[in-house]
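Numbering (full-length UniProt numbering), first residue to last: 1 to 164.
Wrong hints could be hidden among the right ones.
Calculated lysine to aspartate or glutamate pairs in the DMTMM-like style (CA-CA distance at most 20 Å, straight line) [what the hints assert, rightly or not]: (1) LYS135 to ASP64; (2) LYS123 to GLU56; (3) LYS162 to ASP68; (4) LYS162 to GLU87; (5) LYS153 to GLU134; (6) LYS162 to ASP148; (7) LYS135 to GLU160; (8) LYS153 to ASP138; (9) LYS135 to ASP68; (10) LYS162 to GLU56; (11) LYS135 to ASP119; (12) LYS162 to ASP146; (13) LYS153 to GLU163.
What the hints contain is simulated information worked out from the structure, not anything from laboratory work. Since we're looking at a predicted model, the values are computed, not measured.
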Amino acid sequence: MQRIGMSVTVGVLAACTVLLNGCAQEGSGSSVPAPSEITSNNAQARSCEAPLGCSEFTSVRGSDAAGDVAWLGTHPLIVSLRRANGERILSVRTPCNYVQVEVSVNDDVLTPGWRTATDRGCKEPTGSYQAWTEKLFDQPVQWTLDGDTLTLKNSHATIELKEN
């Protein structure tokens, strides 16, 4: 009985080996792209044809209904806007996480669509900075670019950023 069990086990292992080797052969119809395909597709999908080009801007000051938001100068936000796969993506690096917001641009207004954020479990006070930043992009944001100064403004806050 033990011999039969061992024969079955060896047979199953041999069959699995043949099947798995067949999956790994070139031309097997795998849809997983090669690394070079991923790189070339990403290079083609990203574009600087956004209102802010491919520039990055760092917050230097800001205010909200409560007054001066000092941390915007000491723990700045870093903002950029790029076009990827037909969408404009506003990327915001906060003191703790990253926020990406898909936006439509109509004249001087950025209207938010979908939003995603990393979640590293920030300690205070940076956790509240993250929530404050996400609230800013819950509603349309008016933007103005004057030289190297970008201003973002809505009913939640006004932020002044400088081009890096």
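Hint by hint, here is what the structure shows:
The straight-line distance between the Cα atoms of LYS135 and ASP64 is roughly 11 Å, inside the 20 Å bound, and the hint therefore holds. Of the supplied pair hints, the one linking LYS123 and GLU56 is violated, its CA atoms being roughly 26 Å apart against a limit of 20 Å. Of the pairs offered as hints, the one joining LYS162 and ASP68 holds, with about 17 Å between alpha carbons and a cut-off of 20 Å not exceeded. For the given pair, LYS162 sits about 24 Å from GLU87 by alpha-carbon distance, which is inconsistent with the 20 Å threshold.
Distance restraint check for LYS153 and GLU134: the Cα-Cα separation of roughly 14 Å lies within the 20 Å cut-off, and the hinted pair is therefore satisfied. At most 20 Å may separate the alpha-carbon atoms for a hinted pair to count; LYS162 and ASP148 meet this at roughly 6 Å. With a CA separation close to 17 Å, the supplied pair LYS135 and GLU160 stays within the 20 Å bound. For the given pair, LYS153 sits about 12 Å from ASP138 by alpha-carbon distance, which is consistent with the 20 Å threshold.
Taking the CA atoms of LYS135 and ASP68, the gap is about 17 Å. The hint holds against a cut of 20 Å. At roughly 8 Å between alpha-carbon atoms, LYS162 and GLU56 fall within 20 Å of each other, so this suggested pair holds. Our distance criterion of 20 Å between C-alpha atoms is met by LYS135 and ASP119, whose separation comes to about 16 Å. With a CA separation close to 10 Å, the supplied pair LYS162 and ASP146 stays within the 20 Å bound.
With a C-alpha separation of about 17 Å, the suggested pairing of LYS153 with GLU163 holds against the 20 Å cut-off.
In terms of the numbered hints stated before, the structure departs from hints 2 and 4, listed from lowest to highest.
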